[in-house]
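Residue numbers (my numbering), protein chains in the order written: chain W, 44 to 287; chain L, 44 to 287; chain U, 44 to 287; chain S, 44 to 287; chain C, 44 to 287; chain B, 44 to 287.
To be clear, the hints were calculated from the coordinates, so they are not data collected in a lab. Computed from a predicted model, the values in this text were never measured in an experiment. Be aware that one or more of the hints could be misleading.
[Stated by the list, open to error] Facing chain C, from chain B, some residues (calculated, C-beta under 7 Å):
{"#": "1", "residue": "P117"}
{"#": "2", "residue": "R118"}
{"#": "3", "residue": "Q133"}
{"#": "4", "residue": "S134"}
{"#": "5", "residue": "T161"}
{"#": "6", "residue": "V228"}
{"#": "7", "residue": "D230"}
[Claimed, not checked] One-sided excerpt, in silico: chain S residues whose CB lies under 7 Å from chain U:
{"#": "8", "residue": "P53"}
{"#": "9", "residue": "S54"}
{"#": "10", "residue": "H69"}
{"#": "11", "residue": "S92"}
{"#": "12", "residue": "G114"}
{"#": "13", "residue": "E125"}
{"#": "14", "residue": "G131"}
{"#": "15", "residue": "K132"}
{"#": "16", "residue": "Q133"}
Every residue gets a Cβ at the ideal spot worked out from N, C-alpha and C, and that includes glycine.
Protein chains: 6
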Amino acid sequence: MDNATVSPRPSGRAADALREVRIQRHYTRHAEGSVLVSFGDTQVLCTASVLDKVPGFLKGRGQGWLTAEYGMLPRATHTRGEREAARGKQSGRTQEIQRLIGRSLRAVIDLSALGERTLQLDCDVIQADGGTRTASITGAYVAAADAVRWMIERDMLSESPLRDHVAAVSVGMVGGQPVLDLDYVEDSACDTDMNVVMTGAGHFVEVQGTAEGVPFTRGDMNALLGLAEQGIARLVQLQREALA
Amino acid sequence: MDNATVSPRPSGRAADALREVRIQRHYTRHAEGSVLVSFGDTQVLCTASVLDKVPGFLKGRGQGWLTAEYGMLPRATHTRGEREAARGKQSGRTQEIQRLIGRSLRAVIDLSALGERTLQLDCDVIQADGGTRTASITGAYVAAADAVRWMIERDMLSESPLRDHVAAVSVGMVGGQPVLDLDYVEDSACDTDMNVVMTGAGHFVEVQGTAEGVPFTRGDMNALLGLAEQGIARLVQLQREALA
Amino acid sequence: MDNATVSPRPSGRAADALREVRIQRHYTRHAEGSVLVSFGDTQVLCTASVLDKVPGFLKGRGQGWLTAEYGMLPRATHTRGEREAARGKQSGRTQEIQRLIGRSLRAVIDLSALGERTLQLDCDVIQADGGTRTASITGAYVAAADAVRWMIERDMLSESPLRDHVAAVSVGMVGGQPVLDLDYVEDSACDTDMNVVMTGAGHFVEVQGTAEGVPFTRGDMNALLGLAEQGIARLVQLQREALA
Amino acid sequence: MDNATVSPRPSGRAADALREVRIQRHYTRHAEGSVLVSFGDTQVLCTASVLDKVPGFLKGRGQGWLTAEYGMLPRATHTRGEREAARGKQSGRTQEIQRLIGRSLRAVIDLSALGERTLQLDCDVIQADGGTRTASITGAYVAAADAVRWMIERDMLSESPLRDHVAAVSVGMVGGQPVLDLDYVEDSACDTDMNVVMTGAGHFVEVQGTAEGVPFTRGDMNALLGLAEQGIARLVQLQREALA
Amino acid sequence: MDNATVSPRPSGRAADALREVRIQRHYTRHAEGSVLVSFGDTQVLCTASVLDKVPGFLKGRGQGWLTAEYGMLPRATHTRGEREAARGKQSGRTQEIQRLIGRSLRAVIDLSALGERTLQLDCDVIQADGGTRTASITGAYVAAADAVRWMIERDMLSESPLRDHVAAVSVGMVGGQPVLDLDYVEDSACDTDMNVVMTGAGHFVEVQGTAEGVPFTRGDMNALLGLAEQGIARLVQLQREALA
Amino acid sequence: MDNATVSPRPSGRAADALREVRIQRHYTRHAEGSVLVSFGDTQVLCTASVLDKVPGFLKGRGQGWLTAEYGMLPRATHTRGEREAARGKQSGRTQEIQRLIGRSLRAVIDLSALGERTLQLDCDVIQADGGTRTASITGAYVAAADAVRWMIERDMLSESPLRDHVAAVSVGMVGGQPVLDLDYVEDSACDTDMNVVMTGAGHFVEVQGTAEGVPFTRGDMNALLGLAEQGIARLVQLQREALA
């Protein structure tokens, strides 16, 4: 991004700058892994629970499972959202996000090395300012890593079934310019919004790009993927530091 | 309670001692009132939202409404609880608690002085260690007070419709002894569990006593109510300090 | 209540007078216990069913269970209420009441002496005029006792697992005066409404007091509990006569 | 049926005999029409409520509506049935029956003469011994007639919108013999079960015949319809006597 | 029908004429039986699936089960109907129809000769022009017969458990005249609508007649049943030809 | 793909070959647009309905709306899937797909030029063999175009609000080779599955790539996007021919 001053972002960040990212481990007491992850003002509590059961379709097959659920506190957002528990069902958006988190984490875990257990991830948004799904994936990885350590300490596992890191970031075309890690203001105004999930080795797990306004070109896409690679490399480094 | 050493509580507290109580205002950014209340390891995020609408049965009557919803993050507890949004309905316990919070707060607000608005309280338990409903009421009052101030600052109201404080505490018979502010260990073992809601003026709004084991006597009840009066007086003082 | 003429009740009853209470056993044919209980114009059909199963969490533990459900016919009330089966869910109020009935009855039964069976109570309000939950508890006890007798007659049990009676009544502050067993008119106008559940031995199982209007004092509470003790003693006597 | 002794019915009734039918008006206090109808041991409480509203598709068209709901108390039957409100939905059987009741009653009412009101019928089975839907229709007609009188007394209507009586009975082939008004024992064993709804004028409103075992012939059908005509004529006479 | 020219039907058909009926087997690839049945413009896709399981109440009893589900594509009709899956429940009408299809097919199958398997029928209306339930039954029989052949070819069964054909047609009184196989225009205008289900042997399985307008007489009923017998005989012949 | 013989696809297609695509317009009678689209053995019925209403959030704003729903007949698949209407909710997968269809079509329509109307698309899978969502989008465009013509013919619109074509195809890495338009066998075995939606002008509307097995590289992504561009160009040409 050669000239961020030409088209400054609302936050004043450079086009290729992440927001301040914080990863607080052991945030609550009961979960085997518990992480508060912040991407700027977006705060998500990610817990990892070790459950001594697997879904019906896996019973007796000697392997484990990993799944995720996602929620948002009603007033995590600018205007209050309806409480999904009161409404009696999860929105399509919620289900889409929790399916994405589960797939992303399953891409880096060897389920056959987990035993007949489920690693249950819960990502609950305390405060939202854009990027809640990417923060969720990034934080859930650290919570999962802590739950794995908890099992190793108790001799439930001899080594980690996690084969690599996984982290995620959003990129988008805002005002014709590709930018990294959109906040809510940018997210509302962007032409293209893309969520990218990658491993520590720099390979892609998911790419979900959507033209909100004008459709995007191959050139746009290349620029966005380049930004994402750079941002995720930095997030993986922050995960490593948090877990050190 | 003159002799706490005879029957020490698991926490080492005196029979008439509250846990450490903290009331953090402005905990999240978007809500008009946002309070993290802690009773020891129990932590509840209470937000108050000002909504420009009232339920159907109040439309056009020139008065306001106050209502509350309650939830618990799946891993707020020792073992993971099912997510109510995924399950598709709120449990009877959840509904009972949110109805109690709403009634308690409505007891101290003059709805006719609120305008055609709803004060929506959301109490979400981040971490549970007993007493989540009493912490919710105590914290929700402060969130509501902040939302009222927000309206006054914007000239939406000229004076506060809150006529008094309201706070709540649990008391119970544990091992034959009346104790104040039960934590989870005591709550699981008690013979009687009583939740008491009172105003700043020292009057009762709700008394809900349940014999979990042996039924209780008038004498037990008097001892419990005495403890509750004392504990709630202290909680109201802490609310005042937090709002000062 | 020394001077009921000063503040006469709408029904003309003395402040400490119950409505006419009737307990009709064997009201319907199929249930193991079937009781129509009337508190004045409030009529509730209470049936007790003996089921050869226990909930999942008790399987194989050699003990029984007791649970209750509550419903109201749509036109039991002055204006027709929505049918909960058509609406697709039970209201918070319904769930609150059926949980209360279950807890109250479980307080006087030795579940380990019941065998792996469930005593299922169903309380259905045929006509409502205030006090449906207290009439339900009082009638459900008699239905449960009949179902126990039915099991003893068939040598399924050698002795009754019921350790005591349980009955319930409402009390409240109406126009500044404590009164016993509120009917609908009083219930709608009262400042405080309290439901009290007690055993035959005169101990408390549940006390649920709510300030509908002005909060209540310790003195009010003492007066109300005194009235309730007296009313419940009379109800237990009527249960004994019905079962004689 | 010239020779009932050849193939006696479990109840000892002649093949063309109804069970004892009772129609008790003003059974409960609040509803505009309230009838307990008994066909032997089958007892259904039928209430008719006058509602000052019509469904959306009729608003502003100056005509009324009539609709019905049906339910069964959980222990109306030999073994306890699940409570539909707790289960969260009405069964297909329940919906089928309440649709039948509504259609049957609408066949004899002039909705354009009812004003913009709904006549809401609720049929709740207190005790079941076969024939609950036919008892419901027969009793609901009387409840509706009482609700119409209530409106006429209050000058809400000047004359009755009911154009005729409507009543219903079951007939069936049991052990090769056509019989009238099946009780539960016969209903469980019959080869063909037919519910017939007719007007006071002797015309058909509904005929629903189902072969539970062997399919039936035109001859069977003629015999069954003959029995039904005779039974319904008697039921209409009993309705007239009850309303006299 | 002596004089169809006096009161011509909208379609120009004679009173006793079926619409053009087509039965296309092997319409889709995956199902064990798959039939597109057309009654004029009404088109229903009927599939029969062989499932290696039975409902809980039949487990271990060595017999099979047959059940049916019914649906309508949202735009099968003149105006778009709500999608039941999106709405979250099946309408009463849908449940009524799928129960009817299941009962009709069970009337001609020997479930004890099916093994512990379920024959699952799915009838989905692609285009509706009246008579969707009768077309469904008629087509579902052919799909079931194909699924039975599929099982015989694989030595899962040695002979067919189907004891007879079953087919269905609607008849009705339109403008005072009995007519066969009503299309949508006639169905909307008729006084009486009757659905008749019969076996290949000419016996009745179901008769469901409803007076939509004026009640009908025994004479009407006889005329309608006569038309239905004739129409169903023709449909059974078409089934035989399709299966030949 | 220069050397398809090295790694032949199960279907024998070249790596860059679409399956046989058919677009049948006017497939059913009632809908304003009705298209059966086939991608090989995958068959989807796409209807477009013109509704004279808009969702609440758009009322009175003088613009239209476009939305989509998606469903699959229970036996469209190899093994029967549960009917979502019977189960009482749409799966996460279903919601994800219908949201994708809606977004894709909205990308090429000028809603402000549609008037206060909703274009409701329904995509129902009759037979599934992989690629149901991409076939749905491709067919839904043609159905929408027909519905627009229907409106223009009736002078409801003077010109089309459709600004461009939109079509979709899947691409994936199968056995290390990038291939176009995966069928079910390939879809089950692929390492990466990517759905691409593009406009007639060759710009991207959605890109959704998921690593089912090993994560994918930038090089893989480039190859896949190249195949998709080529396939979609062909699909747009087929849409033009169908609409000619």
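Hints versus structure:
{"no.": "1", "hint": "P117", "verdict": "5 Å, holds"}
{"no.": "2", "hint": "R118", "verdict": "4 Å, holds"}
{"no.": "3", "hint": "Q133", "verdict": "5 Å, holds"}
{"no.": "4", "hint": "S134", "verdict": "9 Å, violated"}
{"no.": "5", "hint": "T161", "verdict": "10 Å, violated"}
{"no.": "6", "hint": "V228", "verdict": "14 Å, violated"}
{"no.": "7", "hint": "D230", "verdict": "15 Å, violated"}
{"no.": "8", "hint": "P53", "verdict": "16 Å, violated"}
{"no.": "9", "hint": "S54", "verdict": "15 Å, violated"}
{"no.": "10", "hint": "H69", "verdict": "12 Å, violated"}
{"no.": "11", "hint": "S92", "verdict": "4 Å, holds"}
{"no.": "12", "hint": "G114", "verdict": "6 Å, holds"}
{"no.": "13", "hint": "E125", "verdict": "10 Å, violated"}
{"no.": "14", "hint": "G131", "verdict": "5 Å, holds"}
{"no.": "15", "hint": "K132", "verdict": "6 Å, holds"}
{"no.": "16", "hint": "Q133", "verdict": "5 Å, holds"}
Checked against the numbered hints listed earlier, the structure breaks hints 4, 5, 6, 7, 8, 9, 10, 13; every other hint is satisfied.
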